[in-house]
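Asks: Sequence:
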Amino acid sequence: MLRRTVSSFNFPTKLPVSPNPIVTHEVLNQVPFLQEYNSYLSLPRLVECVKTYGIEDTYGEQFKKFGADCGSAYWLNEAQLANKTEPQFAPFDKQGRRVDQVQFVESYHRLMQLFLQTGVAAVPADG
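Residues in the sequence shown are numbered consecutively from 1, following the UniProt record's numbering.
Among the clues, some could well be false.
Pair by pair, the computed Cβ-Cβ distance ranges are [as the list claims (entries may be wrong)]:
hint: 1; residue 1: 25; residue 2: 56; range: 25 to 35 angstroms
hint: 2; residue 1: 24; residue 2: 100; range: 42 to 52 angstroms
hint: 3; residue 1: 86; residue 2: 121; range: 40 to 50 angstroms
hint: 4; residue 1: 77; residue 2: 49; range: 27 to 37 angstroms
Here are the simulated DSBU-like cross-link-like pairs (lysine-lysine), alpha carbons at most 35 angstroms apart as the crow flies [said to hold, decoys possible]:
hint: 5; residue 1: 51; residue 2: 65
hint: 6; residue 1: 65; residue 2: 94
hint: 7; residue 1: 84; residue 2: 64
hint: 8; residue 1: 51; residue 2: 64
hint: 9; residue 1: 84; residue 2: 94
Hint data in this document are derived by calculation from the structure and do not stem from the laboratory. We put the CB at the ideal spot given by N, CA and C, even for glycine.
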């Protein structure tokens, strides 16, 4: 069995250096950012089910508006910010009294306000 040591291979002593180390290449194989679309209308099976079950007249416009909100760059950014920071548990206040509070970032509160306004927050309770 022939064994070679690292020194027996011909490695280049210096690697080529890019004239601008920050710019390396253009990335072409990535999909564009998902934003400014209607998340309701982009799901044809969901739209079909809404029509099939006869609730398009009652909820169709509401679904379209909520779908447009969910697909907007603003709300997608708010969702990303809300997911990035975990809620902070504060068991005590500054004086050492037990308070058991959970503190959420503002993005979370804005998303919850959207959900309350559109009725999405109450959907599990409606059954």
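Asks: Does residue 84 pair with residue 64 here, judged by a C-alpha cut-off of 35 angstroms?
Replies: With Cα atoms ~27 angstroms apart, residue 84 and residue 64 stay inside 35 angstroms; holds.
Asks: Please work out if residue 51 and residue 64 have their alpha carbons no farther apart than 35 angstroms.
Replies: OK: residue 51 and residue 64 at ~13 angstroms, within 35 angstroms.
Asks: Can you let me know if the beta-carbon spacing of residue 25 and residue 56 is within 25 to 35 angstroms?
Replies: 48 angstroms, violated
Asks: Quick check: does the Cβ-Cβ distance between residue 86 and residue 121 fall within 40 to 50 angstroms?
Replies: 20 angstroms, violated
Asks: Starting from residue 51, check that the Cα of residue 65 is at most 35 angstroms away, please.
Replies: At roughly 17 angstroms apart (the allowed maximum being 35 angstroms), residue 65 and residue 51 satisfy the hint.
Asks: Can you confirm whether the C-alpha distance between residue 65 and residue 94 stays at or below 35 angstroms?
Replies: 43 angstroms, violated
Asks: Between the alpha carbons of residue 84 and residue 94, is the straight-line distance 35 angstroms or under?
Replies: Since the Cα atoms of residue 84 and residue 94 sit roughly 26 angstroms apart, the hinted pair holds (cutoff 35 angstroms).
Asks: Between residue 77 and residue 49, does the C-beta distance stay in 27 to 37 angstroms?
Replies: Holds, at about 29 angstroms.
Asks: Taking 42 to 52 angstroms as the stated bounds, is the beta-carbon spacing between residue 24 and residue 100 within them?
Replies: 50 angstroms, holds
When held up to the earlier numbered hints, the structure conflicts with 1, 3, 6 and fits the remainder.
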